[in-house]
Amino acid sequence: EAGVTQFPSHSVIEKGQTVTLRCDPISGHDNLYWYRRVMGKEIKFLLHFVKESKQDESGMPNNRFLAERTGGTYSTLKVQPAELEDSGVYFCASSQEQVGRRNTEAFFGQGTRLTVV
Amino acid sequence: GIQVEQSPPDLILQEGANSTLRCNFSDSVNNLQWFHQNPWGQLINLFYIPSGTKQNGRLSATTVATERYSLLYISSSQTTDSGVYFCAGKKYNFNKFYFGSGTKLNVKP
Numbered sequence: 012e013a014g015v016t017q018f019p020s021h022s023v024i025e026k027g028q029t030v031t032l033r034c035d036p037i038s039g040h041d042n043l044y045w046y047r048r049v050m051g052k053e054i055k056f057l058l059h060f061v062k063e064s065k066q067d068e069s070g071m072p073n074n075r076f077l078a079e080r081t082g083g084t085y086s087t088l089k090v091q092p093a094e095l096e097d098s099g100v101y102f103c104a105s106s107q108e109q110v111g112r113r114n115t116e117a118f119f120g121q122g123t124r125l126t127v128v
Numbered sequence: 041g042i043q044v045e046q047s048p049p050d051l052i053l054q055e056g057a058n059s060t061l062r063c064n065f066s067d068s069v070n071n072l073q074w075f076h077q078n079p080w081g082q083l084i085n086l087f088y089i090p091s092g093t094k095q096n097g098r099l100s101a102t103t104v105a106t107e108r109y110s111l112l113y114i115s116s117s118q119t120t121d122s123g124v125y126f127c128a129g130k131k132y133n134f135n136k137f138y139f140g141s142g143t144k145l146n147v148k149p
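Protein sequences appear in the order of chains S and Z. All residue numbers for the first sequence refer to the working numbering, where the first residue is 12 and numbers rise by one. All residue numbers for the second sequence refer to the working numbering, where the first residue is 41 and numbers rise by one.
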């Protein structure tokens, strides 16, 4: 079974441009998360989808970031316009929380390295 | 939120040496995972270990849930083990994982 897949693996863009990151979760996983690690700091939560609905977007840094998950399958994270401080690695994760189970594993993609110059 | 403390923050090893990385949580978690971020930035899932002990090759992990800590053991380290090791925890029905700051490991040949 394919794991969580992220595209592209690396993107270099100029300040002010737009970039769209894509995440394909594991098939059947309703939960999809975006995280990022910038400037060698901690990995921080951005937002959480349950199917196509945004469950929590409290970690989104500002309105230059827009996440979508149309149809509850893959998700995109758009940065427009990109700033230098957006450089970092963006991770996507998915999980299938099951009723009655307290512990479910989250599967992380290998990330998209974004460099804004 | 949950505070996650990882130690040591930096570690330099000679190839072949063993090491233990530790992760402490300020609150109990129902989901605990270990990851390795390689030098290319990719995040590799290592262990899903809310409790107990697991082994995978030269790596093993132990979580003592009642005392809110987890340990990652690396035996016979290799240069390819270099990178940053993260632990992360999450409570049941909470959205987000809380990550530690990581342990940066450098294995020298």
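One or more of the hints may lead you astray.
Below, in silico cross-link-like pairs of lysine to any residue (SDA-like), each with a Cα-Cα straight-line distance of 20 Å or less [to be verified]:
1) S:65 - Z:131
2) S:65 - S:21
3) S:52 - Z:49
4) Z:94 - Z:106
5) S:55 - Z:117
6) Z:94 - Z:49
7) Z:136 - S:21
8) Z:136 - Z:64
9) S:55 - Z:94
10) Z:148 - S:116
11) S:55 - Z:78
12) S:62 - S:39
13) Z:136 - S:79
14) S:65 - Z:136
15) S:65 - Z:134
16) S:52 - Z:80
17) S:52 - S:116
18) Z:131 - S:79
19) S:52 - Z:50
20) Z:131 - S:40
21) S:55 - Z:42
22) S:55 - Z:106
23) Z:131 - Z:54
24) Z:148 - Z:117
25) S:52 - Z:94
26) S:55 - Z:148
27) S:52 - S:79
28) Z:136 - S:42
29) S:62 - S:41
30) S:52 - Z:117
31) Z:136 - Z:66
32) Z:131 - S:118
33) Z:131 - S:69
34) S:52 - Z:106
35) S:52 - Z:148
36) Z:94 - S:25
What the hints contain is simulated information worked out from the structure, not anything from laboratory work. Keep in mind the model is a prediction, meaning the values are calculated, not measured.
Checked hints:
| no. | hint | result |
| --- | --- | --- |
| 1 | S:65 - Z:131 | 19 Å, holds |
| 2 | S:65 - S:21 | 26 Å, violated |
| 3 | S:52 - Z:49 | 12 Å, holds |
| 4 | Z:94 - Z:106 | 17 Å, holds |
| 5 | S:55 - Z:117 | 28 Å, violated |
| 6 | Z:94 - Z:49 | 23 Å, violated |
| 7 | Z:136 - S:21 | 25 Å, violated |
| 8 | Z:136 - Z:64 | 17 Å, holds |
| 9 | S:55 - Z:94 | 26 Å, violated |
| 10 | Z:148 - S:116 | 33 Å, violated |
| 11 | S:55 - Z:78 | 18 Å, holds |
| 12 | S:62 - S:39 | 10 Å, holds |
| 13 | Z:136 - S:79 | 18 Å, holds |
| 14 | S:65 - Z:136 | 13 Å, holds |
| 15 | S:65 - Z:134 | 14 Å, holds |
| 16 | S:52 - Z:80 | 16 Å, holds |
| 17 | S:52 - S:116 | 24 Å, violated |
| 18 | Z:131 - S:79 | 25 Å, violated |
| 19 | S:52 - Z:50 | 14 Å, holds |
| 20 | Z:131 - S:40 | 18 Å, holds |
| 21 | S:55 - Z:42 | 12 Å, holds |
| 22 | S:55 - Z:106 | 26 Å, violated |
| 23 | Z:131 - Z:54 | 37 Å, violated |
| 24 | Z:148 - Z:117 | 9 Å, holds |
| 25 | S:52 - Z:94 | 28 Å, violated |
| 26 | S:55 - Z:148 | 30 Å, violated |
| 27 | S:52 - S:79 | 25 Å, violated |
| 28 | Z:136 - S:42 | 11 Å, holds |
| 29 | S:62 - S:41 | 5 Å, holds |
| 30 | S:52 - Z:117 | 25 Å, violated |
| 31 | Z:136 - Z:66 | 15 Å, holds |
| 32 | Z:131 - S:118 | 16 Å, holds |
| 33 | Z:131 - S:69 | 17 Å, holds |
| 34 | S:52 - Z:106 | 29 Å, violated |
| 35 | S:52 - Z:148 | 24 Å, violated |
| 36 | Z:94 - S:25 | 44 Å, violated |
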